[in-house]
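Engineer: If you're matching them up, the sequences are chains A and B in order.
Residue 313 in my numbering sits at position 313 of the first sequence; the count goes up by one each step and never skips.
Just remember that my numbering sits 1000 ahead of the position in the second sequence, which is counted from 1.
Since the hints were derived computationally from the structure, they do not count as laboratory data.
The C-beta atom is built at its ideal place from N, Cα and C for all residues, glycine as well.
Careful: at least some of the hints might be erroneous.
Okay, derived cross-link-like pairs now, DSS-like style, lysine-lysine, Cα gap no bigger than 25 Å in a straight line [to be verified]:
# : chain 1 : residue 1 : chain 2 : residue 2
1 : B       : 1230      : A       : 87
2 : A       : 227       : B       : 1329
3 : A       : 312       : B       : 1087
4 : B       : 1087      : A       : 35
5 : A       : 227       : B       : 1035
6 : B       : 1254      : B       : 1035
7 : A       : 311       : B       : 1035
8 : A       : 311       : A       : 331
9 : B       : 1254      : A       : 35
Covered stretches of chain B, going by a simulated chain A footprint (3 or more residues, C-beta under 8 Å) [to be verified]:
#  : region
10 : 1018-1029
11 : 1055-1061
12 : 1089-1101
13 : 1136-1144
14 : 1169-1177
15 : 1193-1199
16 : 1240-1254
Quick list of the computed label-pair ranges, beta carbon to beta carbon [as the list claims (entries may be wrong)]:
#  : chain 1 : residue 1 : chain 2 : residue 2 : range
17 : B       : 1359      : A       : 36        : 25 to 33 Å
18 : A       : 159       : B       : 1308      : 48 to 56 Å
19 : B       : 1330      : A       : 226       : 22 to 30 Å
20 : B       : 1109      : A       : 234       : 26 to 34 Å
21 : A       : 211       : B       : 1330      : 30 to 38 Å
22 : B       : 1039      : A       : 308       : 51 to 59 Å
23 : A       : 20        : B       : 1259      : 44 to 52 Å
Protein chains: 2
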Amino acid sequence: MRKTRIFTPGPTPLLPQAQLALARPIIHHRTQEFKELFLETRRLLQEILRTQNEVLILTASGTGAMEAAVCNLFSPQDQTLAVVAGKFGERWVEICQAFQIPCVTLTKEYGDAATAEEIGEALQRNPGTKGLLIQGCETSTATAHDLESIGNLVRREFPEVLIIVDAITTAGCQPLETDAWGLDVVISGSQKAFALPPGLAFMSLSPRALQKLSGAASPRYYFNLAKELKNQQTGQTAWTPNVSLVVALNVACKEILCEGLDNVIADAELMARCTRQGLLALNFRLLSQSPASAATAAFPPEGVSASELSKKLESRFGVKVAGGQGELKGKIIRIAHLGYFDTLDVFSVLSAIELCLLEMGQSIEPGVGIKAAMLEARQN
Amino acid sequence: MRKTRIFTPGPTPLLPQAQLALARPIIHHRTQEFKELFLETRRLLQEILRTQNEVLILTASGTGAMEAAVCNLFSPQDQTLAVVAGKFGERWVEICQAFQIPCVTLTKEYGDAATAEEIGEALQRNPGTKGLLIQGCETSTATAHDLESIGNLVRREFPEVLIIVDAITTAGCQPLETDAWGLDVVISGSQKAFALPPGLAFMSLSPRALQKLSGAASPRYYFNLAKELKNQQTGQTAWTPNVSLVVALNVACKEILCEGLDNVIADAELMARCTRQGLLALNFRLLSQSPASAATAAFPPEGVSASELSKKLESRFGVKVAGGQGELKGKIIRIAHLGYFDTLDVFSVLSAIELCLLEMGQSIEPGVGIKAAMLEARQN
Chain A
1 MRKTRIFTPG PTPLLPQAQL ALARPIIHHR TQEFKELFLE TRRLLQEILR
51 TQNEVLILTA SGTGAMEAAV CNLFSPQDQT LAVVAGKFGE RWVEICQAFQ
101 IPCVTLTKEY GDAATAEEIG EALQRNPGTK GLLIQGCETS TATAHDLESI
151 GNLVRREFPE VLIIVDAITT AGCQPLETDA WGLDVVISGS QKAFALPPGL
201 AFMSLSPRAL QKLSGAASPR YYFNLAKELK NQQTGQTAWT PNVSLVVALN
251 VACKEILCEG LDNVIADAEL MARCTRQGLL ALNFRLLSQS PASAATAAFP
301 PEGVSASELS KKLESRFGVK VAGGQGELKG KIIRIAHLGY FDTLDVFSVL
351 SAIELCLLEM GQSIEPGVGI KAAMLEARQN
Chain B
1001 MRKTRIFTPG PTPLLPQAQL ALARPIIHHR TQEFKELFLE TRRLLQEILR
1051 TQNEVLILTA SGTGAMEAAV CNLFSPQDQT LAVVAGKFGE RWVEICQAFQ
1101 IPCVTLTKEY GDAATAEEIG EALQRNPGTK GLLIQGCETS TATAHDLESI
1151 GNLVRREFPE VLIIVDAITT AGCQPLETDA WGLDVVISGS QKAFALPPGL
1201 AFMSLSPRAL QKLSGAASPR YYFNLAKELK NQQTGQTAWT PNVSLVVALN
1251 VACKEILCEG LDNVIADAEL MARCTRQGLL ALNFRLLSQS PASAATAAFP
1301 PEGVSASELS KKLESRFGVK VAGGQGELKG KIIRIAHLGY FDTLDVFSVL
1351 SAIELCLLEM GQSIEPGVGI KAAMLEARQN
C-alpha cells in the first residue's frame, strides 16, 4: 500500500492513459492500421515541435538520436561547435570524437547558460563551422539556453550553420519554436514531457538538414536517417519499431495537444517557479543562473547533505528526486516538472523536503516552503 | 468484440503477464531496485541462451545489436564471411558495407540452409577471416541453419574465427547451446520468443569476443559494448534503458524458465511440425529444405494467391499471417510458432486457412488440414 512518487527528469511519472495503451495487445507494424497511427503520430509530433519539418521516430534512447544527428549530417572533415555546460553538452563532444568529427567547444560553468553573443563569437572564431550542437535544457544542471535568440542570431549571421538541438527535456515544457527560430534538428524522447517509458527518440529535420543526409561520410546503419525518412514518409520504419510505445506516444501527444501545448508549457513554468520559491524559502541555493522549466537543481541548506536528504525522502515518503551528475554528484538535488505533474505534486515534494529538513534538525518555520510556493501559484 | 490473432514472426502475441508489467508505474533506472532487477534479468537471459558469457541488453531493435556486433568486433581491415540465405543474411552484408568492413558471402537459395561443410570450405577459401556472420533461423524463409554442427566445425578447424549469430528468432524456440557449441556472440530480441513488444535487443559475448572490443577501429557511440559491459556488470546501462520493457522481460524470462526452456522449445517444434503437416494436407508447398521451428513458410496451393489468402484471413477471421519478403513478396505466407502460442492456436490458424480456401473455391475435403495436424499432435 506504500505510495511512491518519482520527481526525476526522466523517466518521469507515466500518463495513466499511456500505461493502459502499453498494455494493449500488440499490432503488427506492417499493417494499414499501424501506418495510419504512425503517420498521425508524426503529424502530432510536428505540432508539438512547432514545425513543418519531417519528424522521424527512432527505437532508441535520446542519445541514439543525438548520434544519428551527428553521423548523418557530418563527415570527418566537418568542423562543429558544441556548447558544453554540463554532462549532456559533453555528450555531443564524445559523439563527435567517436566519429572523428572535429568539435570545438564553448564551455560554460555548470549552471551557466551560453548566450547568443558568445555563440556568435565562437562561430566567428571558427569560420567554416558546419554545425552548432547544443541543448535546449542542460538537464544535468537544469539550465536553459535561450534557443530563440541563439536561433535568430545564427540564422541571421551564419546561415550555413546547422543548428542541432538536444531538446530532450525542452520539448513540451519550455517554449520551442522549431521553424520560427530556424532550428535544423530538434531531438526529444519518450520518457520526458511525453510521460512515457524510455525507448523512443524523435527528431525533426529541416530541408537544409535533409540535403546533407546523402553527403555525410560517417558510417551508420541502424541510424540511417535517409532510409528512415523514405520509410517513415509512408508510415513504416526501416527496422521493427517499438510498436507499443508508438501507440502510447500517440495517446500522449493527443493528451498534450488536447490540453493545449501552451498550457502544458505554462504549467511546467509555473511548477518550476513554485519549486524555486519553495526551495529558496527552505534555504536552498539554486544552481542555475538560467533555470529551466524541466527541472530545478539546488544545493541544500548549509549543513545538509544532498545524498542524505535524498535517501531520507525515499525512506520516509517514497519520494525519488534526482541527484547531481559528474562533478555535482552528491552536491545537489534535482526535481522534475516536465510531464505528468501538477502544482499539487510540487506542494507534495516541497512538504516532504520540509518535513525531512525539520527532522534532520534544521531550524525552519514549518510550512514556510509551501507558503512561498503557494504565493507563487496563487492566481490574481 | 471482434477478435484478432497475429501469427507473425515478430511482433508475436504478448504474454498477458508482461502486458500488465508494461502498464506498471515506472521505476527510475538509477536505483537499487532497478539494479537488482537488471542483474537478475541478465542472469535469466544467460540461462535461456545457455551461456556463462556476459549478456548485454540494448534499447534498440535486433538490427541495432547486429550493428553493435559488427562495429565493436571488427575494423575496416578485417575480413568477414556472411551466410546469405535471405533478407536477414543480406542485412549482415549491408552492415559490413556501411562500416567498410570486407565481407565475402556464402549465398544459398531462398529456403536452403548452409551446411557446416560449405562454411568450412568458404573459410578455407578465405584465409584470415575474422568473423562468421550467420542467422540461427533466417526468418524471411523460415529456414534453420544447423548451428550445432557449424559451431563444432568452426571451433575445431578455425579456432580464431568469431561466430556471430543472429538468433533473434532462434532463442527460445530452437535448441541453442551458446557455450557448448562455441558461439561467440548470440543476439536475440524482445518481440520474438519472449512475447514482448519490440524495443530491446540482447547479446551474449564470449571472452574471445570481449577481448576484441578494445581493438576494433569502427566508430560507435550508442552501441559501445565496452561501455555497456562496464555499466551492465553493475546493473546499470550506459544510456537510459527502456525500463518498462526490462521489467516485462524479467517477467517473460521467468515464465519461460518456469515452464522449462526445453519444454518451450519442444512446444515450438511440435507446433511447427503440426503446421507443416496441416499445410501439406491443404496442398501447400513448403519453402524451406530445413524448416525452422520459429515459423513456417509455404507457397499456397496452385491457383491461390498468397496475398489474396492473407487478405481474406484478415477480413474473414482477423487472422494476421506474414507474407514473403524481397523476392518472395506476394508468393508465400509465413506462420509463426515462437512465443505465446500453443497447439490450439495452430488448429485455429489452420482451420481459418482451410475455410478460406474452401470459400475461394479450392476442392479440399473439409477438415483435412486439421486432421493432419491433429495426428501429428496426438500423444502415444
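Engineer: Checking each numbered hint in turn, tell me which of them this model violates, lowest number first.
Structural biologist: Those not satisfied are hints 3, 5, 9, 13, 14, 22 and 23.
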